[in-house]
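Asks: As a plain string of letters, each chain reads:
Number of protein chains: 2
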Amino acid sequence: MQATMMSTPLSLNHLLERAGRLFHDNTIVSRLPDKSLRRHSYGEYYRRTRALAAALQGLGLQKGDRVATLCWNHHAHLECYFGIPAAGGVMHTLNLRLPPEEIGWIAGDAADRFLIIDDVLLPLYQQFAHLHRFERVIVFAFSGAPVAPEFTDYEALLAAADPDAFDYAPHAEDDPTSMCYTSGTTGKPKGVVYSHRSTVLHSLVGALPDATAVRNTDVVLPVTPMFHANSWGMPYIAVMLGAKLVFPGPHLHPEDLLDLMQQEPPTLTLGVPTIWLAMIQLYDSSLQPGSPHHGRWQLPTGLRSMVGGAAVPESLIRAFGRHGVWIMQGWGMTETSPVGTLAYPRAELQGASDDERLRRAAMAGVPMPLVDLRIRGDHGQDQPWDGTSVGELQVRGPFITGGYHEAGAPPDKFTADGWLRTGDVASVDALGYMRISDRTKDLIKSGGEWISSVDLENALMAHPAVAEAAVIAIPDEKWSERPLACVVFKPGQQATHEDMNALLLTKGFAKWQLPERYEVIDAVPRTSTGKFYKLQLRERFPA
Amino acid sequence: MQATMMSTPLSLNHLLERAGRLFHDNTIVSRLPDKSLRRHSYGEYYRRTRALAAALQGLGLQKGDRVATLCWNHHAHLECYFGIPAAGGVMHTLNLRLPPEEIGWIAGDAADRFLIIDDVLLPLYQQFAHLHRFERVIVFAFSGAPVAPEFTDYEALLAAADPDAFDYAPHAEDDPTSMCYTSGTTGKPKGVVYSHRSTVLHSLVGALPDATAVRNTDVVLPVTPMFHANSWGMPYIAVMLGAKLVFPGPHLHPEDLLDLMQQEPPTLTLGVPTIWLAMIQLYDSSLQPGSPHHGRWQLPTGLRSMVGGAAVPESLIRAFGRHGVWIMQGWGMTETSPVGTLAYPRAELQGASDDERLRRAAMAGVPMPLVDLRIRGDHGQDQPWDGTSVGELQVRGPFITGGYHEAGAPPDKFTADGWLRTGDVASVDALGYMRISDRTKDLIKSGGEWISSVDLENALMAHPAVAEAAVIAIPDEKWSERPLACVVFKPGQQATHEDMNALLLTKGFAKWQLPERYEVIDAVPRTSTGKFYKLQLRERFPA
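So the protein lines, in turn, are chains A and B. Just so you know, the working numbering puts 324 at position 324 of the first sequence, and the rest follows in order with no gaps. Start counting at 1 in the second sequence, then tack on 543, and there's your number in the working numbering.
For reference, chain A alone in the conformation it holds in the complex (with noise of 0.2 Å):
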């Protein structure tokens, strides 16, 4: 027998129609160069964006055309990510964080046809608009100027176009919107591309009560950028449900983020840990009385705030937690669309100690509904879920990648049985809370045993004098491989070796494990993404 269910495809362009017609009273707020606020209705954002696929379509976009983006976090941004798709086009993120003859190289690997960039960012593109030409540079004036005769301008190219004659773009439900490349801190960088499908079901999945739990009364402040893994998809949310948002624009620093936080007070926010570990030192520090900002700030109440991108200490969980602040970490990838587990609240933990609680919270979380999450052995062979076993992280679900563009499904990264191979070394316990140790090739392996150089970094940072700090592996003849520990002392504290040694040793780690030597450096070098560098410390440290 045959279901009888409509066969209507998952569309972006109906989570358009339905913010239009549902939440036109509602606000997007963008920071701008200046500092100053702009105020958009989605009523407005609505025929903002319809006008912007009309205008695309008359520059004669065509179906899977890509245009890039090379944006800061506003609502120009926000109208490219349902307007380019709306036109039939593939709205493609450039990461602004990128050295330039990387950009210019992945805008020539996914052959992108039109550029759309702020104004702010035009001395970037000069550096690497001799790599790849595009037919047309779409100049969006954040900071009001006026944009030069060369380029299109954003504004005027909207103003032109009649959002009420738009058609959107007939298309399938896997057809593509949108694409962004992995950071890559080994090879090449890779396209994932991203389908209407995708979107929508990781839109459902990452609103989820469990998950971001977003409702149209939110006020949600995107801090993770929109120009990477999608700023965790929290664009597609909002317009879904309708909620309010506040984008920082180019302004990422701790004071400023606090100063919007004031201005725009969140319900929610999302960001990656350097952000958030750089904003609670400030904002404990301004509670001192002789602080210079003094009174200035005070975090919403009962602010939940995502963190992720990398490992969330459950120190910085705490030092939130004492302001009233939910920290909630979570695991993902470019390739998973990005939200793959978060370390959401169990019933089962109820009755639990708030150190097991926070135990959990610091660990990367639960598999969301539709990612089907598994634990490969040395051997090939599944590992149990009992939160000691670790293997290569694998992956499963509709909004994971798999393959990339142009280089289909390398064994490297996808088993023979079509599972993603994430490159995470990971064991997940009996509630389902999966731990990273580390990436494959941060592991430390000394006297045939693994340490976890996340392990080491979590508990030395801890420690109350260091800000960070960031373990790698060097050569030893005896043992293989011995964990040097670089840390960052917060300004003008520090510690013996003795004594975060002695820290490590009430952390339950063995003698063995403890650092062979330690080094003091300035701060940890870090990915486009905010991630560990350690390539660069390995390079730095050969020994």
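All clues given are correct.
Computed from the model, here is a short list of chain A residues facing chain B with C-beta under 8 Å:
#1 2
#2 4
#3 5
#4 175
#5 204
#6 207
#7 431
Which bits of chain B does chain A cover? Going by a derived footprint, with three or more residues having C-beta under 8 Å, they are:
#8 732-744
#9 749-756
#10 888-897
#11 910-916
Simulated from the structure, these hints should not be mistaken for lab results. All residues carry an ideal CB built from backbone N, CA and C; glycine is no exception.
Position chain B against the provided structure of chain A, taking the given hints into account.
Replies: Just chain B, lined up with the frame of chain A:
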């Protein structure tokens, strides 16, 4: 270009596996016929469900075969919800409130191969057994009594099967999982067949924070029957997210439900207005010092209550609101999986008065994500969303049926461009809140103008002496039709026609809209699903 996403099909089996993996320690409570409670862990549930699937395959179940259920709300029915599709079968929920001849006819139309039935419902089965021959009748010993040898014992079947050796039947996401017949106050009942895809999408949408907002920490009491319209999808949602379930079994009287809420306090309930109306009357009376139930019950603090299946009067929302219970109503049909709209709180109304917010809460609600909704006027035009323009409510989306089992897509049910014609007359306001004025056939045409029977009913039910009111059209020589109000008074109370008319005038009705006549009746006749059965009233009061 092509998207690179995996083509993993949406599947109920994924949700079941997820529950078994993640939520094994959470609980499913079922109330037995003797009112005692039986508890299963999700871990046991998972194994029993797989055992059921293995057993059905052992009995020769083939892909697409229908397995009927005739069961109350309890754990074994939940096992059928996932176990039958896991084996490749289609669960067909038979509605035990229908006349036996109709049940038999429906089983024949669906060509049900097996029947899974509660032992306490065997007397009902005997009344329609001659109309359709099930190849096998599997009896669930709900009462605990031994199963007669001419039947297959559900427990023995499960005990003999090996859940570990079970393999899911392969399926595509559009393959059928379950079917339900429309209640059909007119015409023959028609079968709606749901798929893996429609059920998973409906579950994701229905669980959103602006819908039922289910978390794994919730305790859900579904009073809405699992034998009609999937208990609003809650069995699927709860398993997907691991929420604790409390099933009321056959005990649906207000006294029983209040007792159950004392024993297992829910955070979320689902029910129809009739039961909730009777419950609040009983509860309020129990607060009187002289009541025999004085002090027996306390409604759970912060309880969320989804009420639907028929219009919810504002007075009901206010009555529960006084005790801190939030009533949220919705609209849906068997054809819409069933949730189509929900009257959830909107950001735009945060500054509005209580009256204004209650006015919206008393409407049918806002379309859910993935649901397209339009109001078609008499001349086929789309009506504006101005809160006053009425027309036929039409819907479209991936969890809305596009036809019926064996009956295709008749033109009185579907438009030429593929929308479902609901038969409801409605308007939508600027915020997207939909208001059902009437069923097409229940509108009263008086002197060329329409009078809404639903509006009159809701207004009359706000009278303190009125328990229920149903308004029908009676023929009138001069005006063509005029309203007749059938009212049920609360015990020991009454009101005059003048009283009730005076109330209607204060509620904004014009003089010509007032009922032509009042009839006092003992109870409003209802369909098997709790809707007013106006056909019977029309027969009783022909003029």
